[in-house]
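We have chain A; now place chain B onto it with these hints.
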Amino acid sequence: MPEQKSPPGGKPNGNDGDLRVIGHARRRVDARAKVTGQTRFADDISLPRMAHCKLLRSPHPHARIRSIDISRALAHPGVYLVLTGKDLPIEYGILPVSQDEQALCLDHVRHVGDPVAAVIAREELTAFEALDLIQVDYEILTTISDPEEALATPTPRIHDYGDEGNIHKRVALEFGNVDQGFAEADEIFEDTFFYQGNTHLPIEQHASVATKDPDGKLTIWTSTQTPHYLHRALAKVLQMPPAHIRVIATPNGGGFGGKSDPFNHEIVVAKAALVLDRPVKICLTREEVFYCHRGRHPVLMKFKTGVKKDGSITAMHLQTLIDGGAYGSYGVASTFYTGALQTTTYHVPRYRFQGCRTFTNKPPCGPKRGHGTVQPRFGQEVQLDKIAEKLQIDPADLRLRIAESSNAVTANFFRLSTVNLSECIRRVVKSSDWREKFRKLPEGHGVGLACSAYLTGAGLPIYWNKMPHSGVQLKFDRGGGVTLFCGATEIGQGSDDVLASIVAEVLGLDTFDIRLYTGDTDLGPVDLGSYSSRVTIMAGNAALQAAERAKALIAEAVAERLSVPVERVRFAEKRVFDSAAPGNGVTFTEAVCLAEARFGTIGTVGSYTPPKSPALYKGGGVGPSPTYSYTAAVVEVVVNPVTGWITVPKIWIAHDIGRALNPTLVRGQVEGSVYMGLGEALMEEQEFRRLPKKLSHALVHKFPSILEYKSPTSLDMPDVFTELVEEPDPKGPFGAKEVGQGPLLPIMPAVANAVYDAIGVRIDEVPITPEKIMKALAEKKAGRAPRFGPSHFPHVEWPEALRVPPPWEGGDGNAINDVPRRDKAKPEQPHKSRTPEKDQVLSS
Amino acid sequence: MVTISPVSQKSAQIRFILNGEQTDVSFAPYKTLLEVLREDLNHTGTKHGCELGECGACAVLLDGKPVLSCLLLAVECNAREVETVEGLGANGTLHPLQDAFADLGAAQCGYCTPAILVTAKALLDQNPHPTRDQIREALSGNLCRCTGYLQIFEAVEAAVLEIASHSKST
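Top line first, the protein sequences correspond to chains A and B. Start counting the first sequence at 1; every next residue gets the next number (the numbering used here). Start counting the second sequence at 1; every next residue gets the next number (the numbering used here).
No lab work stands behind these hints: they were computed from the structure. Just so it is clear, CB atoms sit at the ideal spot from N, CA and C, and this is done for glycine as well. Heads up, a few of these hints could be off.
As the list claims (entries may be wrong) - Below, a list of computed lysine to aspartate or glutamate pairs in the DMTMM-like style, where the Cα atoms sit at most 20 angstroms apart:
id : chain 1 : residue 1 : chain 2 : residue 2
1  : A       : Lys650    : A       : Asp719
2  : B       : Lys10     : A       : Glu129
3  : A       : Lys775    : A       : Glu685
4  : A       : Lys650    : B       : Asp133
As the list claims (entries may be wrong) - Heads up, incomplete: computed chain B residues facing chain A, CB under 7 angstroms, no partners named:
id : residue
5  : Cys50
6  : Cys55
7  : Gln98
8  : Gly110
9  : Tyr111
10 : Cys146
The shape of chain A in the complex, shown without the other chains (with noise of 0.2 angstroms):
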């Protein structure tokens, strides 16, 4: 497909005027399912003959397998199946450059919970009894904790691949003469900053029922947010034609990232499916999904940035340093994602960016809302709270100086589009009452300010290729029903809604019209997943484009029988009438069955595929996004000098949104994000303990369960002001930007930055717990650096790095010390040395 152009003049797409559906308040498409109980989530399927699944999971957090005998528990009653990893040995991964799973450990253990074996009964109870009756005999290896070890002890090796020892990837880029423009800073600031890993937490549990088709084809439903992705790793691992695969994603009860990785369970149970001819299901318990992971990565940072007086920065240099767990995941894009960020929320003239990630015997880690740019958003932004003081600026006043504009394009070529990041800066400075509040509030009492940007769809998919990222198909029956087709998927994010709304909005209907099929990769065209808040502006501008053609053709026939010119017909309540004289017209069912009449069966398609990026360097296939979301928020917060406790009154926030296609899923997301992001600021950890050396000495998740692992109840969630500012842009459809993830963003730098101001200490680490806040006080009345936070940046041998001079030194987008990426001159030619699957830096 062409790449999808704007109109003309910059506009929207879609129409602009008198919209109808677009932008009201309304009730989603998928609530009476929800407010009944009827959503159909993956374990709430149950089929004849159901055979239930249980995995034997490995009690060490790194160990050799010398065999398993899995005879006892085969001949417990009831028992149907066993497999193990020689079942299944085919490695996959969700980024190609990563295939270092395996649905059933063959011979190595990475961490507590890695899958050994699947028992598959009639009974689930009777499949969890015999996992007791498998006997593993395993040889305990080294345990590595956390990346300084593992930069420390290269062998024994967790994974053989990766840079080198049990370092997984080391990137290092940089972006203009950052030198130079320390030089010329008239100061300098180096901070060290701790984010600790968190996890998604969904309340669904990750479930999957697959089932074997009376065709012989294999059924799969499963609460994922990539069903496409899962799709080809269940080809590759099963070794079946992706044709005879259908992956059905049911509606996720919370995802947050946490179910876009295709998982060993539901690879387990489609195998077990096959062989057994019968569906099989698996539920995991709680301390399984926790052990599933692929939640926030732990982060240490060290921000440089030079400034001159007036706030301007003149070179930032970051490093990072990430805690992995013991798979790659999307730990390559995370990487990356580190890094990518920081020059599209303040313009940054210069900077270099060195990431690391580590293997670890942990559960891995990956994308959590806000994937990779999380941590090192919350050390730049107490940083410039650093800095603001120090200039004796505000700190509003600071970032309104150096907010990055419209249309720009950064040091590390991301093309930035509407850019409304001042504006929101403007409103929460007002909302709040900052002026009277910072620095003026009685001790204990503060406030604090944060922004951040967040990409709208990662720009490149998960694996190479020239396809759209998104397609529609929509069909029109002769009762006027419209029916949608695509693979997006609901996780309740609202995309469903997002798509009947566009539909709805173009040919004049109510969205309760549209009968929507989603996250199906039988009946609809592939969309690449709900990650990376792709789906608003990629499936439903598919959405808008399939709709303006089914459009353009109903019109056609019906200017005809109307005998008027087609521009003056209009589709407005379920009619489609002559502009001029709107009694002169046919009701929409009509319209539909004279457009039939004229050109047959009416289905029309859309696809999306985003624009080409500038970034052309190896490592620029993560940050590119057609446009960018932009938030700023205000929290108040009040610390109990004594108990070190932290409550959170209130908090005001502004986010450029485009356009909100129904204001109350918007609302919903961004207090969402702030919920969620509120967790993260001041209590939420993924942490782990050693056990007694008298036992194993293992390293354990130290609190599996959600009563241990801390999150925000009702209880704890403060009102929050919500403002939505308001620019359509030019590339979403109808002007929309995401939503879904930037808003978390600010939230944590912002808590901190209060900490600050109510009692003048700085905790630059996340969570900010009241253990934390005490330490830093006791430092403060000693007459030490008010702090808590890391007091070192382990030394980590860097590779050379990419050296790519930004737009304003005449960089083209490619590394002067690298070969060129793309040739310019010739945009249409695929660069003939790269292996498609094996180069391509990736993205979510």
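Relative to chain A, chain B alone:
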């Protein structure tokens, strides 16, 4: 040779009122009310998020009071009254709480929603005009990861007004 497994023998039986209907069910005696509802009675509207009494997703009303059905053995429910999300609406219409939740964005993924709805109903049955703080308190055992709770509070408050206006007019 086929061996008979004793595990799943449906040797327990209860008769109880489920959403206003007399219901008889046989099940394996170790099963919780949650399991019996979902697996033996096909009432899958009630969800689970931990099966340890931590998340609140499995709340149902037992004799009008919210309980965690994952911590309750089904054998304890003989002759008692159980209400689930399936029993909230009547004659094809939604309960005012359901309408308000649907209209005001109180259900995003919808997974915690059934339990929050029945918990909120128990609150309103007992206290028809709760304050925001009383709503917060009543729902504090029900975790929701999507909404940030605020639209849930607003939906409960909207339902309070709707129910009040309805009871005045009748």
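Hints, one by one, checked against the model:
This hinted pair checks out: lysine 650/A and aspartate 719/A have alpha carbons roughly 5 angstroms apart, not beyond 20 angstroms. Using a Cα cut-off of 20 angstroms, the hinted pair lysine 10/B and glutamate 129/A holds, with the two alpha carbons roughly 18 angstroms apart. Our distance criterion of 20 angstroms between C-alpha atoms is met by lysine 775/A and glutamate 685/A, whose separation comes to about 19 angstroms. Note on lysine 650/A and aspartate 133/B: the hinted pairing holds, with a Cα-Cα distance of about 15 angstroms set against a maximum of 20 angstroms.
The beta carbon of cysteine 50/B is positioned within 7 angstroms of a beta carbon in chain A (closest approach about 4 angstroms), and the interface hint is therefore held. A cut of 7 angstroms between beta carbons decides the hint on cysteine 55/B: the least distance to chain A is about 5 angstroms, and the hint holds. For glutamine 98/B, the interface hint holds, since its Cβ comes within 7 angstroms of a Cβ in chain A; the closest pair sits about 4 angstroms apart. Interface restraint check for glycine 110/B: the shortest CB-CB distance to chain A comes to about 3 angstroms, inside 7 angstroms, so the restraint holds.
For tyrosine 111/B, the shortest C-beta to C-beta distance to chain A is roughly 3 angstroms, which falls under 7 angstroms, so the interface hint holds. Because the closest C-beta pair between cysteine 146/B and chain A is about 5 angstroms apart, less than 7 angstroms, the hint holds.
Checked against the numbered hints given earlier, this structure breaks none of them.
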